[in-house]
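These protein sequence lines map, in sequence, to chains U and G. Each residue of the first sequence is one higher than the last, beginning at 754 in my numbering. Each residue of the second sequence is one higher than the last, beginning at 31 in my numbering.
If you anchor each label on the Cβ, the simulated ranges turn out as follows:
hint	chain 1	residue 1	chain 2	residue 2	range
1	G	G33	U	T758	27 to 33 Å
2	U	A771	G	G46	48 to 54 Å
3	U	L837	G	G33	19 to 25 Å
Hints in this document: simulated from the structure, not taken from any laboratory. Every residue, glycine too, gets a C-beta built ideally from N, C-alpha and C.
Each chain is listed here by its residues.
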Amino acid sequence: AQKITQTQPGMFVQEKEAVTLDCTYDTSDPSYGLFWYKQPSSGEMIFLIYQGSYDQQNATEGRYSLNFQKARKSANLVISASQLGDSAMYFCAMREGRGGKLIFGQGTELSVKP
Amino acid sequence: DAGVTQSPTHLIKTRGQHVTLRCSPISGHKSVSWYQQVLGQGPQFIFQYYEKEERGRGNFPDRFSARQFPNYSSELNVNALLLGDSALYLCASSSWTGRVGNTIYFGEGSWLTVV
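Just need the whole structure built from these sequences, with the hints factored in.
As structure tokens, then:
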């Protein structure tokens, strides 16, 4: 069964607008962490934001925020004021318990239009 | 401070050959993990090493092996290369104390093409 699901293969957003990238996850471990990464065409996986399962507040990092809805098992990434440089693949990933392994979704390709 | 560094960045190998990929973690990080990313998919976990010991292994054949050195750098070795091994190989670094909260950082990857 898919542990991380990203249902949007591709998204378009107008420059300066906000966009939400969806991510749902499945785990029975009460302790887990959720990550979002950006991957430009160069291949580098760039860390954006992290949310722990016990964190009380939604994580924010600059223009990135994570809309964490634990009961719905969703961890959507919100990018505010999109920029042309935000065009890339975005991956949601989860780490369960004390393990060091990340499980990735299939990714969402975001295109920002001028 | 230097981030995660990987080498080589690009390489082409012939089927049946062997390849070694190298990774240096962020200074102070003792955990290194390897991932394989084929075109159009998310990365798949191959190995994790912490303090020079294997701490996790993904669903990859025995042709894949790795090790971690005393300075915490790591090598990923793949023997008897197949066309299907063509992928981006990513190295990840973290301080990993067993806590879920440790952030994981990736290098720029090594693009392997098997012909």
